[in-house]
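Protein chains: 6
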Amino acid sequence: MSTVSRIHNAEQNPRIKAVFDDIRSARGTDKINNLWHYLAFDPDLLESVWADVKSVLVDESLIDFKTKEMIYLAVSIANSCTYCVHSHTAAAKARGMNEQEHAELLKIVTTAARTNHLLNALQVPVDPQFNADTKA
Amino acid sequence: MSTVSRIHNAEQNPRIKAVFDDIRSARGTDKINNLWHYLAFDPDLLESVWADVKSVLVDESLIDFKTKEMIYLAVSIANSCTYCVHSHTAAAKARGMNEQEHAELLKIVTTAARTNHLLNALQVPVDPQFNADTKA
Amino acid sequence: MSTVSRIHNAEQNPRIKAVFDDIRSARGTDKINNLWHYLAFDPDLLESVWADVKSVLVDESLIDFKTKEMIYLAVSIANSCTYCVHSHTAAAKARGMNEQEHAELLKIVTTAARTNHLLNALQVPVDPQFNADTKA
Amino acid sequence: MSTVSRIHNAEQNPRIKAVFDDIRSARGTDKINNLWHYLAFDPDLLESVWADVKSVLVDESLIDFKTKEMIYLAVSIANSCTYCVHSHTAAAKARGMNEQEHAELLKIVTTAARTNHLLNALQVPVDPQFNADTKA
Amino acid sequence: MSTVSRIHNAEQNPRIKAVFDDIRSARGTDKINNLWHYLAFDPDLLESVWADVKSVLVDESLIDFKTKEMIYLAVSIANSCTYCVHSHTAAAKARGMNEQEHAELLKIVTTAARTNHLLNALQVPVDPQFNADTKA
Amino acid sequence: MSTVSRIHNAEQNPRIKAVFDDIRSARGTDKINNLWHYLAFDPDLLESVWADVKSVLVDESLIDFKTKEMIYLAVSIANSCTYCVHSHTAAAKARGMNEQEHAELLKIVTTAARTNHLLNALQVPVDPQFNADTKA
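Heads up: the sequence lines are chains A, B, C, D, E and F, in that order. Going by our numbering, the first sequence opens with residue 126, and the numbers climb by one from there. Going by our numbering, the second sequence opens with residue 126, and the numbers climb by one from there. Going by our numbering, the third sequence opens with residue 126, and the numbers climb by one from there. Going by our numbering, the fourth sequence opens with residue 126, and the numbers climb by one from there. Going by our numbering, the fifth sequence opens with residue 126, and the numbers climb by one from there. Going by our numbering, the sixth sequence opens with residue 126, and the numbers climb by one from there.
Simulated from the structure, these hints should not be mistaken for lab results. Just to be clear, a hint being listed does not mean it is correct.
Put simply, identical chains are the same to the list, so a pair is met inside one copy or across any two.
[Stated by the list, open to error] Taking lysine-lysine pairs in the DSSO-like style, the calculated list, with each CA pair at most 27 Å apart, reads: (1) 179 - 191; (2) 191 - 156; (3) 156 - 218.
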């Protein structure tokens, strides 16, 4: 059940095929996840979202791949996105997150949630030494 | 401006003093952040929150300290907690996060936010291969 | 699966029947969506919620119906409400939102989500010229 | 700093005066909180929001006033609404919430936040016995 | 479908068995809800989460059990946690919340949501008299 | 107060100058909002965020500019982003949103928030006719 139609024979559209081929190459697998099949209803959006995701999670950068997936997963949990939680838990495991690290991630995320709600409730003034602004 | 009173001469209460001393020792500094000064209005809550935070962010564990602070910060951003964003950006920097890593963290968090909203809008069915449940 | 019971023979209660008749008339269809069937467990709440929704989405006003449904949908996506996303995507389409406008809505919503998280992370001071307050 | 102008001499408008008089009478004080002064930019919205709030927080009902304010505050904390957290903490205290109950409320809210994030992360299937739906 | 595996024969692990026995004793039932079965993948996390939940929802305290479950439920609704909404609606009913109180809770929560969004939109300055901070 | 430093003499960096010039041209004003001044701490992020925002809010598309800003604002309210609420209320007004339309937007957003929380509380099953998925 979805709010858009999954495209049939999507790869007859060369723009969609190009993105799907790039996904297969980047992921090293023939499997294209559901997200991309449904997003193919609009090739512009498909290209734009894939470009963003690829740039963050596929390209090399300072932060290693496992850590990037764990941060991505942490945000997805906080934003209550069911699909994202499933896909990025799987991706973090594929990038090397073991069961103990998964449990530790959950501990960090849930403790952050706890103090986030606590500070939103207490409305404590921010300490001046946290300020990074050189303008003042 | 806060919803509770900041306690004056808080450390005359030995339970509060014990927590503050432990914070100073854990952080290696005499400075006690505002959060703890205001939380001292209820020593039970103070002890409980500090025990949680210490266990996650001060004790040694599998995930290194810089990464833990970055994950904690990512959740705090998603939960829109002003105080937490300030304090954990400062803490992540103190644990070694440089400016480039900060920018990269922002890129990961904001891209996750983008796809979180996208998937919540599309309501795409979760791929069966994401299932980690051995029960079925 | 729900946290309340769907009422059977709900329209034997004249207050419920009056609301259901009004919904049928306003929507121009005999179909009553699940929300109203379950909400009928409390006629007061049913009347109050329908009055609110009717006033916003059924009555004529300055903003046209398609735009109102698109704004309603945007909020429902941000609040991660599965039922609301499904029902208001369908309603926006019924009010004339075509596939291209749907894609464009998703682009706006996901870019907003991105900059919302970015600004919550940066904690940039608000520009004085944004202030609409004539009091100061 | 606000996104709308605070109305000067607002009570020269009889609709605004009627609402303000009703607020004074309901609250038993001459003080009109800032919210109502700014909301007065649109008398329709002012009347509608006050009617809602009055019905929930001023009229007698099954749940006592202190508990109602505490539930209202809990939601406001979770939704990260600064003004609401301040005003409903003050209101809950005015309705009798003492310091210990305030601390206990914070304990409940922050523990709920913790398990909310945990369950959103684990995506555990809902137990069939939680289902209240008699339809199936 | 879950992001972790449900443990089989979990109670062969004495730490898991101790927690499950304590849950059975606290709840007065042999039924262990799904949450705990899945959380058992990490005994540390299981012990820590159960200790938190027990301290808030099972131990005697100032606030009565029905009210505590209702506050917990209100936060779970605001955080859009499907499992938590189901389990804490059931728990609040088990603690004595009747259908009318359930409807009234929904009225409070949804009105709070309304004014939370309104105030986040208006950005009204907080009234000085809400300040509980004795420091200034 | 911010978590990053505002760059001084930012336009000595040609990449930053190019973005600022493009902003001035797109907005038809010499004023560069604070967001861009602080974001300039990382030219990559500055270019990427500006490209996204420009594509959504500056380029011509199917949805008119006023509506696009109102949808953007609605999401920013729901995500509780103070800076974004201020800047996009101002932008929507600059694009032609009058006071009555602003009030109507608030009515739509707050009613959506109300039913979002209601449906998250009731967990009503989604009506099959909302399904747009042609796959099944």
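Each hint tested on the structure:
When the C-alpha separation of residue 179 and residue 191 is checked against a cutoff of 27 Å, the pair qualifies both within a copy, at 15 Å, and between copies, at 24 Å. In this homomeric assembly, residue 191 and residue 156 come within 27 Å of each other (Cα to Cα) only inside a single copy, at 20 Å, whereas the closest approach across copies is 34 Å. Taking CA atoms no more than 27 Å apart as the test, residue 156 paired with residue 218 passes inside one copy only; the shortest distance there is 17 Å, against 31 Å between copies.
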